[in-house]
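Student: Throw the hints in and build the complete structure from the sequences for me.
First to last, the sequence lines map onto chains C and W. The C-terminal residue of the first sequence carries number 425 in my numbering, and the numbering is unbroken. The C-terminal residue of the second sequence carries number 146 in my numbering, and the numbering is unbroken.
Since the hints were made in silico from the structure, they are not lab data. A virtual CB, placed ideally from N, CA and C, is assigned to each residue, including glycine. Any given hint might turn out to be false.
[Unchecked claim] Covered, in the sense of this in silico footprint (three residues per stretch, anywhere, with C-beta under 8 Å from a C-beta of chain W), are these stretches of chain C:
| # | stretch |
| --- | --- |
| 1 | 17–27 |
| 2 | 45–58 |
| 3 | 145–152 |
| 4 | 162–169 |
| 5 | 401–414 |
[What the hints assert, rightly or not] In silico DSSO-like links for lysine-lysine, alpha-carbon gap of 30 Å or less:
| # | chain 1 | residue 1 | chain 2 | residue 2 |
| --- | --- | --- | --- | --- |
| 6 | W | K33 | C | K302 |
| 7 | W | K33 | C | K87 |
| 8 | C | K87 | C | K58 |
| 9 | W | K130 | C | K216 |
| 10 | W | K33 | C | K58 |
| 11 | C | K390 | W | K40 |
| 12 | C | K309 | C | K341 |
[Stated by the list, open to error] Simulated coverage check for chain W against chain C, where a stretch passes if three residues somewhere in it have a Cβ under 8 Å from a Cβ of chain C:
| # | stretch |
| --- | --- |
| 13 | 23–29 |
| 14 | 63–69 |
Here's the letter readout for the chains.
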Amino acid sequence: MQLTQQQQAMLDGAQGKALAKVMKTLVMYGETFGATRMVPVTSDYGHLVTSFGLGVLKPVYALLDEIIADGVVAKQQFSVDPRPLQKGVPVTLLQSLVFRLMYSKQTEYEARLQKLGLMGDDAFTCACYQPETGNTPQQGQVLSWAESSAVVYANSVLGARCNRNSGIIDIFGSIAGFVPEFGLLTDEGRRATWVVELKTTKLPPAQVLGSAIGMKVLEEVPYIRGLDAYLGNELTPAVQDYLKDMGAATASNGAVGLYHVQGLTPEAVQQGDALLAPQTNTYVIDDAELQRVMDSYPCIWKEADAEPKMCFIGCPHLSLSQLQSWTTRLERALQQQGREKVAIPTVLTAAPAVVKEFEQTPDAARLQATGAVLASICPLMYMNNPLCGKLPIITNSNKLRTYTSARYATDERILAAITQGGVLQ
Amino acid sequence: MKVFKGRPVVPGTAQAAALVSNAGFNTLASFQKSLMFGDKKSTCSDQNNTELYQQPMAGKALCMPQTIGSTTGGMVLYCAVEMGQSPACLLFSKPIDSLAAAGAILAGVWSDIPMPTVDSLGDDFLQYVKSGMPVAVAPDGTVTVG
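Tutor: What follows is the structure, given as structure tokens:
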């Protein structure tokens, strides 16, 4: 890799040992993928995936302490994934005790983030790109982000350029101010090697379509044909929400960092079929294929037909329009059932800034009246508590299903389960 | 016995029994329970990986096409190394992905504990190697199976 004089000096230790190790990591990382140079990070803000002060992450804390002790701060502020805990989210006394033990380093970890350049107290969300949080990159900007659902959204829906960086690599790019140029930062790396032909009879559930695509193409770039027939050719808030949820599933069920949707996402609109690589594979998705994918999800509950005890909606975090939509749907479904409150504890999650905005609207009181809880935690971190993980918990998130024992169901089935109670139909 | 030649991403030597995932290896889903609860065997907790689920991963020659899943993956691998719960080596049939590379390189730069990593071993490698087979890794990326 060819480095500038400034970059070489940094690597040689001119700005301290810690920064030299940061630089060495970035150089090795880039050279592994054939990068020949570093390029400046041009977004306003970074985004980090590691938001949780787990007691066992001592190696990460030691690494950050080494950096902070050398007087190093990030060259750009950053947002970070959701906090693990929040008052109001249903927990038993015993679960609460376990949470306190598990996330015993939360306060100290957040202090480290503040020293390094945290945007603010509302900057804890996996959906940092939503306007309320204010970390929304523009097309063509180079990012040093992690968080798989945020990276795939920024690349695909916003047209920004970011590799699927790991935690720690994310902050290293923000500290150095540049990242190695390879993969999704290059025109070549953004070309599609898979064509996905959508031949379903109706708009598929976003989280199932994303799951199918992710499992098939793994880390390659898919070009999706046929989805614009259902979503149209405009990135409306509802379409952005669909793509957010679909993308999160492609990234967690596979390793997709970028997808193109014919006639809809920015680069597909601008370049069309020119985005296709010379050699592509084809994956046809019809109703039967979606059913096959859904049937393949294992249920690892102790009793497969147990009645759900809790429900999470919002992984990745819900948008303002999704909160409004869920409020209306919950109200209607409860009315149809002749109920006033949800049948099982139900937690909807959204970014702190989105929750603040939502609370300014009459919908907040309507949602509260249903008995559902609105929070800004990460459901995955909640499920990591072994006492919570043993519970039969349902979710409309394919990401949460992938990483925990939570059972996935479509929005319609989730709505029925939380307003009627009983076993999942 | 069969010999395969790959690219050493993090050079080193290792000898261990193979543990094979023919599907993409989901690092977070596989390690999160063992790291959280100090399971020194690193029992795989990824319910979607039928080959590895509930198999011990620590000290094994972990053979896979690539890693998938959360972008905490590299950090998780780094922590596994520092906490003495990592595989003995990582062996990829395909070119390494960015998350696994980050984990291997972070361990190489910031840790004293080695986790040799070799990629681009080819599809033949993954077709040949079976869980339990003895594997030897050389610094130049030569991997001997059997």
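Student: Could you run down the list of hints and mark each one as holding or not?
Tutor: Hints, verified against the model:
no., hint, result
1, 17–27, "holds (count 3)"
2, 45–58, "holds (count 6)"
3, 145–152, "holds (count 4)"
4, 162–169, "holds (count 7)"
5, 401–414, "holds (count 3)"
6, K33(W) to K302(C), "holds (17 Å)"
7, K33(W) to K87(C), "holds (24 Å)"
8, K87(C) to K58(C), "holds (26 Å)"
9, K130(W) to K216(C), "holds (23 Å)"
10, K33(W) to K58(C), "holds (16 Å)"
11, K390(C) to K40(W), "holds (22 Å)"
12, K309(C) to K341(C), "holds (15 Å)"
13, 23–29, "holds (count 4)"
14, 63–69, "holds (count 5)"
The structure is consistent with each of the numbered hints, conforming to all of them.
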